[in-house]
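Novice: Here is what each chain is made of, one letter per residue.
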Amino acid sequence: MAEDASGEEDAGWAPEIKELRRRQELARRMGGPEKLKRQADAGRLNLRERIARLLDDGSFDEIGGLAGRPTYDETGELVDFLPANLIFGRGRIDGRPVAVAGDDFTVRGGAADASIWAKNIQAETMANQLRLPMIRLIEGTGGGGSVRTIETTGYTYVPANPAWDQVVENLETVPVVALGLGPVAGLGAARMAASHYSVLVKGLSQMFVAGPPVVKRIGQDLDKEGLGGAKIHARNGAVDAVAESEEHAFELARRFLSYLPASVDDLAERAPCDDPADRAEDRLIRAIPKDRRQVYEIRPILDDVFDRGSFFEIGKAWGKSLVTGFARLSGWPVAVISSDPFHYGGAVTADAARKLERHADLAQTFHLPVVFLADIPGFLVGLQAEKSGVIRHGVRALSALYQSDVPWCSVILRKAFGVAGGAQVRHSGYRWRYAWPSGDWGSLPLEGGVEAAWKADLQAAEDPEAMRAEIEARLDRLRSPFRSAEAFSIEDVIDPRETRARLCAFAEAAARLRRPGRSRHGLRP
Amino acid sequence: MPRHPVETEVAGSVWKLPVAEGETVREGDVVAILECMKMEIPVKSPKAGTLSIATEEGASVEEGDVIAHVEA
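Protein chains in written order, with our numbering: chain A, 20 to 544; chain B, 5 to 76.
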């Protein structure tokens, strides 16, 4: 080591580096041992543990770790330090770079302080400008938080939703995953919902615009779970998945991102695949019951046609007459939409339409080709359906379909009736579409349709019941999908066992047609 | 003994109740068949136990209605 003029050793900047290390050490104490213990006692990981478990080992590169509230003594010496309650940085998941930002609940319950706003804005902006998937680990309010602030500042402020321009911008630029890992309220809840994929952990995290104490003032005495538990928000579609544990939530986040590109300026990667494209499952020939009144399980069919084990369901607990998710075909990622006849026979409800719109927009944003396995008897009918505004949500879904330009392939497994039944494919342009021999379609089903079309004749008939049965039998003989194929109303009727091979061929062709870039319309959460 | 509700996830009319009151069911057994959108929608038991029925054939049900209980 060099010596300076006084003959003492020149330490260079070593004292400052020592101070830097001390401050980094102070930041790692987070909200202090007592608060960390309280977090652990509640069965929740702390934010640094979460980041470590989410990301590839040792890959976290923190930014802004020195930000926080200092306490200095009269000589100007730092004696205590409370870190900012948002920690962010870059890391890797499965070797791919990502951005991560989380709320430290041990510091002011995750509520904002003076430094968090800038950090949060920088975190979202970094994800955007570096084109990195964004993962939010949310706990607390993440906003102004407590009304106690009013006394400290001496005034009340007009709310402004910090970083919201970046949040909205990111929805049309990079994949955004939000994991709710404790009670989440206010701006925290908004940051959850403003994502492409959000997860609550069963029994551990809850979400609400305002928590139990506020709600009690309107006469509802509910605990956190009863007001905004996973069960409530998985069923209304405010979150996309429910995890069994925090580890499971991290696993879901990693899996979700594995199907997507890093941003809209990239294309999703093909995964290695040893599942042959021509794998033909014999049981598919019996998958659809011959009795039209009988329902069947859709998920085993998805397992049979997509790459083994590749189907990843999104939004399982809501809008259940449609199933949405991601899967792979010969390794190529695709967005999947299918009907589930166990719920209203596959009829499109208002919720199912909202789910379809959201998923079509997600596929469009990230250039994922879509495969739609359809069995749609129509929109759900009846008074409740009308009250739910099913037609408004239905035409929104139709708009999403017609506004998208990603490659689209549909397979009609059984029914396709009415406006909703027509929503399995864009009818403009080339239709890449197949039907199974169980195909059954039309503007109205015969049952009920006959009464509408022959109303006057039936009223005049001596035996209306016999006449209705006779007309139905007459029309039923014309119902074969082969007759529709003769008229080229359906492009092809295929052996269900050949579905996988056809879909793999579609995915191969579609992969070449994907174009990076921003979609002409942005995704609304 | 815990009493588990069997809820219907769809609205419709109760078409058939294939299991009699007081009989034992296994988890996943069909305890009611609803008619909805001209289809037969099975309602399965979430648990194994003894069935007590809370509806009748022909009744209209809404989403979330309890149509039976299973005592485990």
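Careful, some of the hints might be misleading.
[Claimed, not checked] Facing chain B, according to a computed beta carbon distance under 10 Å, are these residues of chain A, among others:
no., residue
1, K339
2, Y363
3, G397
4, L399
5, V400
6, G467
7, A471
[To be verified] Below, computed lysine-lysine pairings styled on BS3-like, alpha-carbon distance capped at 27 Å:
no., chain 1, residue 1, chain 2, residue 2
8, B, K42, A, K309
9, A, K54, A, K221
10, B, K42, A, K474
Just so you know, the hints here were simulated from the structure itself, not pulled from any lab data. We treat Cβ as the ideally placed atom computed from N, Cα and C, and that holds for glycine.
Novice: Run every hint past the structure and note whether it holds.
Specialist: Outcome of the hint check:
The beta carbon of A/K339 comes within 7 Å of a beta carbon in chain B, closer than 10 Å, and the hint placing it at the interface holds. With 10 Å as the threshold, the beta carbon of A/Y363 comes within range of chain B, its nearest partner Cβ sitting at about 5 Å, so the hint holds. With a least beta-carbon distance of about 8 Å to chain B, the hint placing A/G397 at the interface is held under the 10 Å criterion. For A/L399, the shortest C-beta to C-beta distance to chain B is roughly 7 Å, which falls under 10 Å, so the interface hint holds.
At about 7 Å, the closest approach between the beta carbon of A/V400 and any beta carbon in chain B falls short of 10 Å, and the interface hint on this residue holds. Given the 10 Å rule on beta carbons, the hint for A/G467 holds: about 8 Å separates it from the nearest Cβ of chain B. A least Cβ separation of about 15 Å between A/A471 and chain B goes past the 10 Å threshold, and the interface hint is therefore violated. For the hint linking B/K42 to A/K309, the alpha-carbon distance of about 15 Å falls within 27 Å, and the restraint holds.
Among the hinted pairs, A/K54 with A/K221 is consistent with the structure: their alpha-carbon atoms are about 23 Å apart, no more than 27 Å. Taking the CA atoms of B/K42 and A/K474, the gap is about 20 Å. The hint holds against a cut of 27 Å.
Checked against the numbered hints above, the structure violates only hint 7.
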